[in-house]
Each structure stands twice: as C-alpha cells, then as structure tokens.
Amino acid sequence: MARNGSRVVIDRVTIEAHGLTAEEYQRIVAILGRDPNLLELGIFSVMWSEHCSYKSSRIHLRTLPTEGPRVLQGPGENAGALDIGDGLAAVFKIESHNHPSFIEPYQGAATGVGGIIRDIFTMGARPIALLDSLRFGMLDTPLTQRVVEGVVAGIAGYGNSIGIPTVGGEVAFDETYGGNPLVNVFCLGIVAANGIIKGRAEGPGNAVYYVGAKTGRDGIHGATMASAEFDDASAEKRPNVQVGDPFMEKLLLEACLEVMESDALVGLQDMGAAGLTCSSCEMGARGGAGIDIDVADVPQRETRMTPYEIMLSESQERMLFIVRRGREAEVERVFEKWDLHAVRIGQVTGDGLLRVRNGGDVVAEIPNKPLADDAPLYDRPHHAPDDLATRQRLDLTDLDLSAVPSDVFLRLMAAPDIASKRWIYRQYDHMVRTNTIAPAGAGAGVVRIKGTSRALAISVDGNGRYCSLDPYQGAMLAVAEAARNVACVGAQPIGATNCLNFGNPERPEIMWQFARAVAGIGDACRALDVPITGGNVSLYNETDGQAILPTPVIGVVGIIEDAQRVVGRTFQEAEAVVMLLGAPGPTLGGSEYLKVIHGLVRGVPPTLDLNAERTLQRLVVELVAAGTLRSAHDCADGGLAVALAEGAVDSNGIGCDVTTPADPGGPLVALFGEAASQVVVSVREADADRVAAAAAAAGAPARVLGRTGGSRIRISVDGKPGIDVALAAAAAAWSTGVSRYFEDSAA
Amino acid sequence: MKAKVFVTLKPSILDPQGKTITGALHSLGYDDVRDVRQGKYFELDVAAETTDQAAALATEVADKLLANPVIESYRVEVSGD
Amino acid sequence: MKAKVFVTLKPSILDPQGKTITGALHSLGYDDVRDVRQGKYFELDVAAETTDQAAALATEVADKLLANPVIESYRVEVSGD
Amino acid sequence: MKFAVIVFPGSNCDHDAHYALTEVLGQPAELVWHKDTDLRGADAVVLPGGFSYGDYLRTGAIARFSPVMSRVVDFAAAGGPVIGICNGFQVLLEAGLLPGGMRRNRTLKFICEHVHLRVEATDTSFTRSATAGQVLRVPIAHGEGNYYADADTMRMLEEHRQVVFRYTAPDGTRDERWNVNGSIDAIAGICNRARNIVGLMPHPERACEEAVGSADGRVVLESVVAVLDGHGVASVGSA
Ligand SMILES: Nc1ncnc2c1ncn2[C@@H]1O[C@H](COP(=O)(O)OP(=O)(O)O)[C@@H](O)[C@H]1O
Ligand SMILES: [Mg+2]
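Residue numbers (this note's numbering), protein chains in the order written: chain A, 1 to 747; chain B, 1 to 81; chain C, 1 to 81; chain D, 1 to 239.
Read the hints as simulated data drawn from the structure, not as lab findings.
A virtual CB, placed ideally from N, CA and C, is assigned to each residue, including glycine.
Incorrect hints may appear among the rest.
[As the list claims (entries may be wrong)] Under 7 Å between C-beta atoms, here's a sample of chain D residues computed to sit facing chain C:
id	residue
1	R58
2	L97
3	R104
4	R106
5	A121
6	Y148
7	R218
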C-alpha cells in the first residue's frame with residue numbers, strides 16, 4: 001500500500017475536481033482494495049478521462065472492421081500498420097489537437113503535429129508524409145483569421161522544421177467551429193514489415209528509460225482539459241499551454257530510429273496525453289508486466305516538482321522505452337551521439353503493478369491492467385435530435401432558384417470551402433524527402449516509396465454538413481470520398497484511419513450522431529475493403545453548449561503499383577474528351593450551394609450505393625493503370641460544375657466546353673447539386689471508346705460531356721445555356737477565395 | 001517619443017531557443033553563462049505628448065498585438081528622448 | 001548575475017517584421033505608432049564576481065553568437081542583482 | 001570523385017542531397033557527421049538544407065561552430081568546391097565564407113513552391129555546365145531567404161560577378177513580382193571571389209527527376225562533377 005502518499009483527504013470535492021464520478025471512485029477503491037491517495041487519484045483521473053479511456057466511444061469503436069490480409073497491426077498500438085509489399089509496412093494514424101489549438105493556435109497545432117509524428121516513429125517507422133484536416137469558423141471574422149494564421153503557421157513550423165512533408169489535407173469553414181476549431185493531423189511512415197516496434201514492457205529486470213525534453217509543469221490536467229467541454233473557465237487553464245520543440249523531436253526521431261537498428265529495445269512509447277502515467281501503465285498493461293519507476297530520477301525543468309506533477313505533466317518531446325538487460329550502454333551511446341541523455345528511471349517487474357517511488361519511497365501502487373484497460377465503459381443513451389425531420393425537409397419550391405448560373409458559379413468558386421488552398425499549403429514544405437509526386441493541391445497526396453516501383457496515395461476527408469443531416473450517410477460518404485480521391489490518382493485503397501470529432505457525448509443527440517457515424521464508417525469500410533487500423537476520438541467539441549457539426553474525418557491509404565502512372569485532376573491538353581463516370585442524380589441536400597447561396601444546411605445528403613461506389617473506384621484504378629486517363633477528379637462540394645472547373649483552373653489555360661444531363665430540379669440542381677460516386681475524367685480522343693467499353697464491362701455508367709480547350713468554362717445543361725465564363729475570371733475567383741482574407745495575399 | 005517593449009516567455013513555459021543557445025555556449029566553453037532565455041524586443045516610435053501617454057499607448061499595443069498573453073509577459077519602458 | 005542583450009537589425013536595413021507590425025497597428029487604428037522595429041532580447045544568467053566581468057562576458061557572447069555583425073547591432077546591460 | 005554531405009543536428013535535406021548524388025547522378029557520396037573532423041577525402045562538399053539546431057537564434061548561427069566546419073573552411077580555402085543549399089547557404093553566410101545575411105521573407109511566411117532562377121554566372125564550380133541566362137525551374141522551401149548585403153558588399157558582388165542566381169519570371173526577365181522572398185536585387189545565390197564556394201536558397205537536389213516535378217537542378221550538381229572530372233577548365237584555386 002502506498003505509504004508516503006500525500007496526506008490530502010480524498011473528499012467529494014477532490015474527486016469531482018478530478019472529473020471522476022462517485023461510481024468511478026468506487027471502482028477505483030475496488031481495484032485498489034483501499035482508498036487511493038491523491039497521486040493515485042490523479043493517475044486514475046487522467047487514465048480514465050474520456051481522452052485516454054474512450055469510455056463513451058469504445059463500445060461503438062469495437063464494431064469497426066479492423067482485419068484484412070494486409071493488416072499487420074490494428075487498433076491498440078501507437079499506430080496501425082499495413083503490408084505494402086517489398087517487405088515493407090506503412091504505419092499511419094490520425095490524431096486531433098482541437099482544444100489546445102483554440103487556446104494557443106500556433107503551439108496547439110504544432111504540438112499536435114509533434115504528437116502524431118511520435119506515434120509513428122515509436123513503431124520503428126521513418127515518417128515520410130503528413131496531412132492535415134482542419135475546420136474553422138467563417139473567415140470573415142478577425143478571430144478566425146487569427147486562429148487560421150496560427151494553426152497553419154504552427155503545422156508548418158513543426159513539420160517543416162522536422163523535415164516531414166505535408167503532402168495534403170483538407171479544410172472547411174462553418175460557424176460552429178468558430179470557438180472550437182478542429183486540427184486533425186495524419187502521419188504515415190515506412191518500416192520493414194518485420195521491424196515493427198511495439199509499445200510493450202516485458203522481461204522483469206529490463207531497464208525503463210526516459211529520454212527527451214525535461215519534465216515541466218506543462219499541461220497538467222491537459223488530458224482532462226482536452227476532453228472537458230469548453231466554457232469561460234477554460235481561461236484559467238491557459239498557463240498550461242505547451243510549447244513544441246521540433247528540433248528536440250528531430251533529434252529523438254533520428255536517435256530512436258538508429259537505436260532500433262539493433263534489437264536492444266524491447267518497447268517504446270511516447271509520452272503524449274497523460275504523459276509518464278499513460279506511457280508507463282499502457283506499456284506495462286500491453287506486456288502484462290509491472291513497472292517500477294522513481295520520479296526523483298526523472299529529468300526536471302522546474303524545481304520542487306511533486307510526484308503528482310511529474311506523473312501528470314504533459315511536457316512534449318519525451319519518450320519512455322525498455323532496454324534489454326545488458327544492452328544499456330550501447331543504447332545510451334546512440335542517444336549521446338545526438339546530444340540526448342537517456343536516463344534510467346526504473347525497471348520492469350513481474351508483479352503487474354505500476355509502482356511509483358519518490359527517492360525510493362513508494363508513493364503510488366496500482367495494478368497496470370485495470371488502470372489501463374478497466375476504465376468504465378459507458379453505453380450512453382442516444383436518440384435522434386427532435387429537429388432532425390425539420391432539417392431534413394427541403395422543398396425546392398421554397399427556394400428562389402432563378403439566379404444566373406454563371407454568377408452562382410463564380411460565387412461558389414470563391415467560397416473558402418471550394419477555393420484554392422494554396423495560401424495554406426504554400427506554407428508547408430510538401431517536397432522535402434523528394435518523394436512527393438502529386439502536384440500540391442491534388443485530390444490526394446502521393447509519395448513514392450524509394451527503392452520500389454510503388455507509391456502510396458493518401459486522402460483525408462469529412463463533411464460535417466452531411467453528417468449533421470444524416471450522420472450514417474455522412475460518415476459513409478466521407479469514407480467513400482477519401483477512397484475515391486485515392487482511386488482518382490490511380491491507387492487501390494487498402495486501409496483507413498479515422499478521427500471522430502463530436503460534441504458532448506453526455507447529450508443523447510450527440511451520442512446518437514456518434515453511434516450512427518461509427519456505424520456508417522463500419523459499413524462503408526467493409527464494403528470498400530478498407531480496414532480501420534486506428535484512429536482517435538475527440539469529444540466535447542462545444543463552445544458554451546453549442547456543438548460543432550459532427551465531423552468524422554477519414555484518412556484512406558491506397559497503393560499504386562507503378563508510381564509513374566499517377567494522374568492528377570488537372571486537364572493536360574485541349575481537345576481531350578471529358579467524360580462523367582458514375583450515375584447522375586444530384587441533390588441540393590446538404591450541398592455547398594445551399595450553404596453559400598441560401599445560407600442553409602438542409603435536406604437529405606446524397607445516398608451512397610456502396611456497390612456502385614466500389615465498381616466506380618475499381619474502374620478508375622484500372623483505367624489509370626492502363627494509362628488511359630489524362631486526368632481524373634471526383635465530384636464533391638459544388639457538384640459537377642465545380643469538379644469540371646477544378647480541372648481547368650490550374651491547367652494554365654485549358655478551358656472546357658461541355659454539357660451536363662438535365663435534372664428535374666432545374667439547371668442549378670444539374671450544375672451544383674451533389675451526388676455520391678461520380679468522377680470526371682479527361683481522355684485522349686482515341687481512348688474515349690475504350691473507356692466507355694471498360695465502364696460498360698464493369699457495369700458503371702459513363703457518358704461523354706464534351707471537350708477540353710478554349711479560354712472559357714462553358715457548361716450547358718442538356719444543350720441549353722448554363723455556365724459561360726472566362727477561365728481567367730473563374731481562376732481569379734478561385735485562387736483568391738481564401739488568400740484574400742490575409743495580409744500577405746498580395747505576395 | 002521612443003517606447004521599448006520587452007516580451008518574454010512566462011517563467012514556467014519551455015524556451016527551446018534559450019535552451020539550445022545555452023547548450024551551444026557551453027559547447028563553446030562559456031560555462032559561466034548558466035542559462036539563457038530568449039525574448040522579443042520592440043522599439044516603437046510613438047506620437048505622444050507625455051511619457052505617460054506614450055507608455056499607455058505602448059502598453060495597449062503590447063497587450064493587443066506584440067505579446068501573446070497566453071504564454072508571454074511583457075514590460076514597457078519609455079525614454080523621454 | 002543577470003545580463004541583458006538587445007539585438008536589433010542595423011538601422012539601415014529594412015525590417016520586414018517591424019514593417020508588418022506597423023501596418024497591422026495602423027489597420028487597427030493605432031496611427032500614433034509611427035514605426036516599429038523588432039529585435040531580439042536575451043536574458044543571461046552569468047557566473048561573475050563583478051558587473052564589469054558580467055558585462056565583458058555578455059559582450060563577448062553577443063559578439064560571437066547572439067548577434068550577426070553583418071546585419072545586426074547589439075547592446076548589453078547588466079543589473080547588479 | 002567523391003562528395004561529402006555534412007549532417008548537422010536538424011539537417012533534413014541531407015538524405016535528399018545524398019540520394020540525388022548517388023541514385024540519380026551515380027556519384028559516390030558520404031554523409032559526414034558534424035562532429036567529425038575529417039571530410040573522408042571528399043572532392044566536393046555539400047552543406048544541405050534543413051533546420052540545423054532548429055534554426056533557433058538565427059538560421060545557421062550555431063551550426064557554423066560545428067567541429068567539421070573548420071575542415072570545410074580549410075577545404076574551401078584550398079579551392080575545394082563547396083555548395084550550401086538553403087540552410088547550408090545560411091551556414092556559409094554565418095561562417096563568413098560568403099558575404100551578406102538573411103532576413104525573414106518579405107511575407108514573413110515560409111514559402112514552398114517552384115520558382116524560376118536565371119543563371120547569372122557560368123564560371124563557378126556549380127554552374128560550369130549551365131548556359132548564361134539559362135532559366136531553371138527549382139523549388140524553394142524557406143522562411144528566411146530574404147538576402148541582404150550593404151551597399152559596399154553589393155558593389156563588390158557586382159564587380160566580381162559573384163551573383164550566380166536571380167529570381168526571375170519564367171521567361172527569365174527581371175520583375176519584382178517574381179522576387180519571391182524580397183531579396184535585394186532578387187539574389188537567389190552567390191559565390192565567393194574564387195568561385196569555388198556557392199550558396200543558394202533554392203533546392204537543386206529536389207529538382208533532379210521529372211518524377212518529382214523538375215530535373216532542372218541536375219545541372220548544378222553535374223557542373224561540379226564535370227569540373228572535377230576535368231571536363232572544362234577547373235575553377236579550383238583560380239582567384
Ligand atoms: N476512432 C477510432 N477507431 C479505431 N481505433 C481508434 C479510434 N480512436 C482511437 N483508436 C485506437 O485507440 C488507441 C488509443 O488511441 P489514442 O489515445 O488516440 O492513441 P495515443 O495514446 O497515441 O494518443 C489507438 O491504438 C487508436 O488507434
Ligand atoms: Mg501516443
């Protein structure tokens with residue numbers, strides 16, 4: 001039993017201050033067979049926080065498909081891993097850093113990048129690509145502008161410095177994110193399939209080491225903050241902001257990868273949320289071992305830190321690892337080479353306990369397994385929001401649909417959701433490591449795998465509007481879009497990760513959104529053969545009781561056998577034939593058009609036919625592999641008109657002259673309505689018939705829309721006049737839609 | 001009038017730059033420099049009647065733009081000249 | 001002992017940061033801030049017997065590392081405490 | 001012949017330079033740790049891009065004190081070809097091997113994109129195989145590439161034709177709108193008087209294969225190979 005523990009009485013107030021319920025406290029007493037002391041209570045409180053324990057989400061996450069022939073590591077480790085051939089594995093995961101990014105946008109985003117990179121290289125993988133999925137409030141508010149500037153600069157500041165290219169991402173804007181932006185960062189690394197390192201502590205007598213930044217009083221209660229609903233009280237938590245040190249992490253990255261070249265390491269884990277507590281008990285629990293550490297040996301940045309502070313600190317750029325007995329010296333030498341001082345802070349034991357000492361005296365003693373794995377599981381009540389039916393009702397006759405298509409078109413092209421994101425990705429080094437083979441701004445990031453003929457394509461996608469109107473369909477559409485983007489560059493989707501951003505799960509409507517979304521992800525991933533290998537959940541994304549749009553973000557990884565075949569979304573030459581693959585049937589439900597032009601988030605989002613989607617994606621991959629496509633681009637926000645225009649706007653001067661099928665809803669629906677499972681391709685005249693034949697053989701609808709070329713974007717509707725604007729005008733609207741909100745837009 | 005604003009990271013906040021500079025100085029043999037903390041320094045040229053006015057303006061500006069209250073604290077100095 | 005080192009771009013050199021800040025302040029209506037120049041500010045904790053020793057050390061360090069003489073100039077201040 | 005690619009803590013284009021030299025150009029090259037005190041008999045030295053020491057304090061300010069740098073100084077003094085790319089250029093400036101200094105980009109933002117460079121001098125160790133006025137499409141990736149030199153230095157640079165690369169429009173014409181980071185006189189790269197040390201902000205090593213967007217940068221690395229293999233008059237040593 002913990003002797004020298006703090007004398008503080010554990011009363012109701014203390015328990016509540018730790019975010020624990022009375023029932024949870026009783027559970028702790030049952031596990032310990034006694035009352036915890038303050039340190040032990042703190043340890044339980046961070047491990048059992050929503051952020052670390054997934055107590056509200058786990059029963060739903062369990063339903064996700066996590067297996068497949070390529071899956072080498074599913075959920076449960078620091079990141080997932082897929083077999084990509086040539087004896088190599090792709091290790092990847094996405095993680096959120098939402099709340100910290102509102103409190104201090106630059107540092108919040110920067111440390112988010114640092115955290116996910118650590119998750120990848122702790123697996124032994126060399127990180128080679130980052131992508132970011134961002135959500136902000138409307139750009140016309142100064143607050144949002146400041147948050148955007150800070151977040152983008154923070155991602156750039158960390159990723160550029162450590163030398164991992166940010167090869168893609170997505171960003172969308174909605175009022176609900178104004179006080180609660182979303183910063184989800186995806187990282188992918190490569191490792192020899194037989195060289196994956198796990199976050200396990202094994203072998204009693206093996207040494208427990210600490211390396212990296214010294215421990216300060218950073219973000220104590222940060223783990224609980226990250227999942228505590230926002231209100232003005234969060235102001236007091238501000239001093240807990242953490243500053244990232246990308247240089248330190250670069251040293252850790254190189255040193256760890258060098259250490260892993262030998263077999264001296266047993267296991268490794270970064271100290272992320274819940275710091276030393278989480279890393280030690282999770283490693284112990286995974287390996288079924290005990291961990292005995294002395295906080296007095298932990299390098300400290302500040303004086304008179306208490307065991308409580310040291311165990312709960314969230315200082316960045318720290319790693320915990322286990323070294324085989326007798327191999328300590330060689331491991332220490334490698335870290336010394338990189339000017340890092342690895343410190344032995346304890347050892348692995350056989351008793352399964354997390355034993356914390358302070359100068360030898362035991363100050364906490366908790367069994368690892370229940371601490372890490374037996375957090376309460378909640379099946380929180382859920383039911384559809386009462387206003388759902390109202391919001392899903394969309395009567396076109398209530399809308400003024402008389403606007404001139406060309407005007408609507410230019411407004412949509414300039415809408416931040418659709419407009420060029422160059423202002424953002426220009427700040428990211430997207431080329432370092434010389435693997436990036438898709439042009440910046442392409443639908444998916446593509447990195448070649450040096451030493452092989454292959455490349456990997458990655459896309460992260462989510463659509464909060466769709467999900468707020470139908471979380472099940474919306475989540476399926478997100479999976480489909482991410483996979484489709486990957487397919488459009490020629491990659492076969494092979495796996496996925498997800499980041500689930502929602503409001504307060506204690507509210508049944510929010511929990512309903514979550515449950516429906518996870519169900520949608522599961523069904524779509526099963527149908528498209530993309531197992532989920534990991535991910536992250538971020539709940540309590542609310543500002544003063546106002547939740548964000550439910551925003552599941554899906555990251556899909558695809559593989560291209562011949563890297564040289566990759567195609568982009570941009571038209572390559574004039575006089576190419578423009579074709580639409582996939583069935584028409586656009587709807588304005590939840591569309592960008594409704595949001596931008598009518599200020600509405602209404603109706604029912606497009607319905608996804610998973611078989612049609614699967615057929616379409618296979619067709620596109622096959623056509624790219626055959627070298628038949630000159631460009632391919634999926635239809636998403638803004639519908640067919642925008643998809644066509646996006647092929648033209650950065651093609652330096654190749655317009656198009658096409659005609660779309662008519663729609664009963666009228667020309668605006670035909671042009672700007674959104675449909676699932678559509679891809680616009682351009683092909684050489686000579687290949688058009690081959691494409692049509694291949695589509696017919698696959699059972700996918702295909703139709704010729706027209707030709708590329710000319711200096712205008714001309715899109716008629718079933719032959720009748722529709723959009724007719726100068727390409728230059730469209731390009732101008734599109735390329736300044738985001739940048740115009742910022743100081744440096746001139747340059 | 002000239003106003004000077006000194007912005008420094010709050011004491012409890014990690015200062016990677018200062019830490020790295022300290023390390024560099026030690027490897028150059030300057031062990032007598034025990035620690036370095038890096039901050040920002042602004043020289044403002046302000047139109048003001050009195051030094052108090054100048055100080056007030058500089059403070060407002062530091063608060064609003066020059067310093068990030070979340071992680072930094074600042075000090076203002078006004079020299080009559 | 002504490003030594004302070006102020007590093008600024010030489011007056012003849014256009015300071016992009018200062019310029020941007022000045023612009024931002026004017027757009028916020030602070031026209032009375034005529035000009036801003038941004039520099040770096042270092043707080044050194046030095047082991048020294050006398051303030052002169054401290055100043056000498058700080059100067060040497062500023063000269064060698066903290067400032068780049070090609071584009072920057074520096075000033076050293078030592079406070080006894 | 002053999003290249004040494006110096007690795008400072010925080011370098012992150014070291015592998016890119018090594019890959020371009022070995023895998024693309026088929027030249028022997030070795031990564032040399034900054035604490036090493038010999039260049040392993042290299043015939044040419046590359047100071048790669050990245051964020052040595054996190055670019056803390058000033059870009060290149062700390063790296064220039066690395067043990068290996070005194071070897072580089074000797075090597076350069078003896079006429080050996082040395083190229084500093086991006087952060088490597090900044091290190092050369094801090095070390096005083098090249099004149100001038102760097103400021104934050106005009107926009108105060110990090111910029112990563114392909115730019116156009118006009119070759120202003122073809123008699124340096126790294127432009128021998130280029131043609132005068134040739135325009136290269138090469139990426140930049142930096143936040144502090146806004147080159148500055150005072151009036152006297154500028155006069156000296158002109159007098160000795162030490163400006164090697166300038167930012168221009170795609171057709172090679174000078175135009176301030178294409179001066180991507182605000183550098184004085186749109187200077188992207190310079191050399192020393194002996195013309196064996198070249199520093200530039202853009203990344204030729206990232207532009208050695210069409211697969212990654214451009215192969216225009218090859219000529220820079222191929223030039224020094226040609227020089228050292230003795231094709232063309234070696235500039236080595238000649239002042
Ligand atoms: N939405 C999800 N789907 C599948 N697995 C998930 C999801 N969210 C979290 N996980 C898994 O749960 C484990 C813990 O997640 P997380 O706490 O984000 O990792 P870390 O401790 O590195 O932050 C990880 O293995 C992660 O892959
Ligand atoms: Mg982690």
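Now the hints, each set against the structure:
{"no.": "1", "hint": "R58", "in the structure": "holds, 6 Å"}
{"no.": "2", "hint": "L97", "in the structure": "violated, 12 Å"}
{"no.": "3", "hint": "R104", "in the structure": "holds, 5 Å"}
{"no.": "4", "hint": "R106", "in the structure": "holds, 6 Å"}
{"no.": "5", "hint": "A121", "in the structure": "violated, 22 Å"}
{"no.": "6", "hint": "Y148", "in the structure": "holds, 6 Å"}
{"no.": "7", "hint": "R218", "in the structure": "violated, 32 Å"}
Violated hints, in rising order: 2, 5 and 7; the structure is consistent with all others.
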